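Protein sequence lines, in the order shown, are assigned to chains A and B. Throughout the first sequence, residue numbering follows this note's numbering, covering 37 to 242 in sequence. Throughout the second sequence, residue numbering follows this note's numbering, covering 46 to 183 in sequence.
Please keep in mind that the hints were generated in silico from the structure rather than gathered at the bench. Nothing here was measured: the structure is a model prediction, and the numbers come from that model. Positions of the beta carbon are idealized from the N, C-alpha and C atoms, including for glycine. Be aware that a few hints might be false.
Counterexamples of contact, computed for chain B against chain A with all Cβ distances above 12 angstroms [said to hold, decoys possible]:
hint, residue
1, 76
2, 86
3, 100
4, 108
5, 109
6, 124
7, 137
8, 150
9, 156
10, 161
11, 167
12, 170
To be clear about the criterion: a stretch of chain A counts as covered by chain B if any three or more of its residues have a C-beta under 8 angstroms from a C-beta of chain B, and this derived list gives those stretches [said to hold, decoys possible]:
hint, region
13, 196-207
14, 235-241
Each chain, letter by letter, is given below.
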Amino acid sequence: MNSIKLNFINKSQDENNSNIVIFQQNVAESFGELAIAWKVIKNCGRLDNHPFVYPLQFEVCASDSYGNYTPQLTAYDGQAFEMVKDHSGDVLMVSPTPATSPNEVEVRNNLTKGAINANIYKDGKLLAAKTNLAPAQKAVFEFHPRIYIGVVSQIEEGDVMNSAIISQINTEISLYGLSSADIVMTGGGPGKTSSPFQFHLENINA
Amino acid sequence: MTNVASIKTWYSGNWKSSNRKKPPYNGIKIQGTPTYDQDNKFLSAKVSFFDYTYDPDGLQSDIDELTPEQGWTAIPMPPYSPPSPSDPPNQESFTINGHVELVSQPSGMYLRIRLHFGIMAHEELGFIMKFDQTKKTP
Numbered sequence: 037m038n039s040i041k042l043n044f045i046n047k048s049q050d051e052n053n054s055n056i057v058i059f060q061q062n063v064a065e066s067f068g069e070l071a072i073a074w075k076v077i078k079n080c081g082r083l084d085n086h087p088f089v090y091p092l093q094f095e096v097c098a099s100d101s102y103g104n105y106t107p108q109l110t111a112y113d114g115q116a117f118e119m120v121k122d123h124s125g126d127v128l129m130v131s132p133t134p135a136t137s138p139n140e141v142e143v144r145n146n147l148t149k150g151a152i153n154a155n156i157y158k159d160g161k162l163l164a165a166k167t168n169l170a171p172a173q174k175a176v177f178e179f180h181p182r183i184y185i186g187v188v189s190q191i192e193e194g195d196v197m198n199s200a201i202i203s204q205i206n207t208e209i210s211l212y213g214l215s216s217a218d219i220v221m222t223g224g225g226p227g228k229t230s231s232p233f234q235f236h237l238e239n240i241n242a
Numbered sequence: 046m047t048n049v050a051s052i053k054t055w056y057s058g059n060w061k062s063s064n065r066k067k068p069p070y071n072g073i074k075i076q077g078t079p080t081y082d083q084d085n086k087f088l089s090a091k092v093s094f095f096d097y098t099y100d101p102d103g104l105q106s107d108i109d110e111l112t113p114e115q116g117w118t119a120i121p122m123p124p125y126s127p128p129s130p131s132d133p134p135n136q137e138s139f140t141i142n143g144h145v146e147l148v149s150q151p152s153g154m155y156l157r158i159r160l161h162f163g164i165m166a167h168e169e170l171g172f173i174m175k176f177d178q179t180k181k182t183p
């Protein structure tokens with residue numbers, strides 16, 4: 037199994053054309069780590085559905101202090117990558133030394149000078165980033181098999197989510213063992229009859 | 046005659062390796078212990094819920110025998126114990142509210158949850174652990 041098939045279904049009474057945001061948190065980093073809006077579902081009207089996949093692999097890329105971005109390289113848990121200077125310039129390559137933990141992906145700055153930014157993607161969308169890594173420093177990425185989902189206005193994919201936004205998002209879906217599932221949103225609605233948005237899993241398959 | 050296998054443990058997403066200094070002291074922990082018959086076929090699981098929201102030592106409630114046939118089963122409150130004068134009753138401090146079920150799938154017997162817990166009624170959904178349908182013997 038290379039990916040998990042998810043299908044968002046809007047069964048809410050929402051009349052505000054709300055955006056649905058999905059993100060993960062990098063558990064390898066300590067306090068203060070900011071999350072990034074990985075997927076934002078927009079204009080998904082009542083009874084519409086929005087299928088998407090959650091690949092098990094990642095892609096990583098780095099950017100250097102000159103504003104150059106490396107190609108995205110496919111990454112799996114336990115792999116490490118290093119930014120080095122070769123005859124062509126700064127390049128990102130798989131490191132012969134794996135990550136410290138088999139559950140983590142590392143991006144190391146092995147340049148002699150200049151900071152880099154390390155970005156990690158899933159399904160081509162930015163999932164997390166670590167900025168201003170000085171030479172000899174590394175970014176460590178680890179994600180538990182769980183996603184956070186909630187209703188947020190005015191957010192775009194790739195946006196950094198501050199703690200105020202994150203605190204509004206209260207639903208966590210375990211992806212452990214899943215091969216496919218429907219994520220059904222209910223609630224919402226106008227006026228006094230409005231109820232909080234709720235999420236449910238249906239048609240769940242391991 | 047029945048036999049049990051090793052305990053599996055799941056932690057909520059807000060779990061910290063060490064407790065905080067004030068509520069919420071920590072998240073929740075769920076442990077599952079499968080039981081097998083004499084032919085090593087899965088029978089049931091004991092499921093234990095530990096809530097550290099208001100109690101740094103954790104408040105525990107148990108479902109002693111959860112079977113696939115039961116479907117969604119309510120998570121029980123912990124047994125009542127008289128509080129000390131300075132503490133709230135333990136049942137008021139137990140914040141886990143929801144249901145669990147065992148789902149038989151070709152790849153195993155999965156424990157599924159839909160529950161809320163904590164000060165902000167954090168919600169958790171999905172499979173959290175898998176038991177072998179047939180106990181592996183050494």
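Going down the list of hints, with the structure as the test:
The non-interface label for residue 76(B) is consistent with chain A: the shortest C-beta to C-beta separation is roughly 15 angstroms, beyond 12 angstroms. Every CB of chain A is more than 12 angstroms from the CB of residue 86(B) (nearest about 19 angstroms), matching its label as outside the interface. Listed as outside the interface, residue 100(B) is consistent with that label: its C-beta sits roughly 22 angstroms from the nearest C-beta of chain A, beyond the 12 angstroms cut-off. Listed as outside the interface, residue 108(B) is consistent with that label: its C-beta sits roughly 19 angstroms from the nearest C-beta of chain A, beyond the 12 angstroms cut-off.
Separation of residue 109(B) from chain A is adequate, the least Cβ-Cβ distance of about 24 angstroms exceeding the 12 angstroms criterion. Against the 12 angstroms criterion, residue 124(B) stays outside the reach of chain A, whose nearest CB is about 28 angstroms from its own CB. Non-interface status of residue 137(B) relative to chain A is upheld: no Cβ of that chain comes within 12 angstroms, the nearest being about 21 angstroms off. The claim that residue 150(B) lies off the interface is violated: its Cβ sits roughly 4 angstroms from the closest Cβ of chain A, which falls inside the 12 angstroms cut-off.
Separation of residue 156(B) from chain A is inadequate, the least Cβ-Cβ distance of about 10 angstroms not exceeding the 12 angstroms criterion. With a least beta-carbon separation of about 8 angstroms from chain A, residue 161(B) fails to lie farther than 12 angstroms from that chain, contradicting its non-interface assignment. Look at residue 167(B): its CB is around 5 angstroms from the nearest CB on chain A, not clear of 12 angstroms, so calling it non-interface is violated. Consistency note on residue 170(B): stated as away from chain A, yet its beta-carbon is not over 12 angstroms from all of that chain's, at 5 angstroms minimum.
Note: the region 196-207 of chain A has 3 residues with beta-carbon separation from chain B under 8 angstroms; the three-residue rule is met and the coverage holds. With 5 residues having a Cβ less than 8 angstroms from any Cβ of chain B, the region 235-241 of chain A passes the three-residue criterion, so the hint holds.
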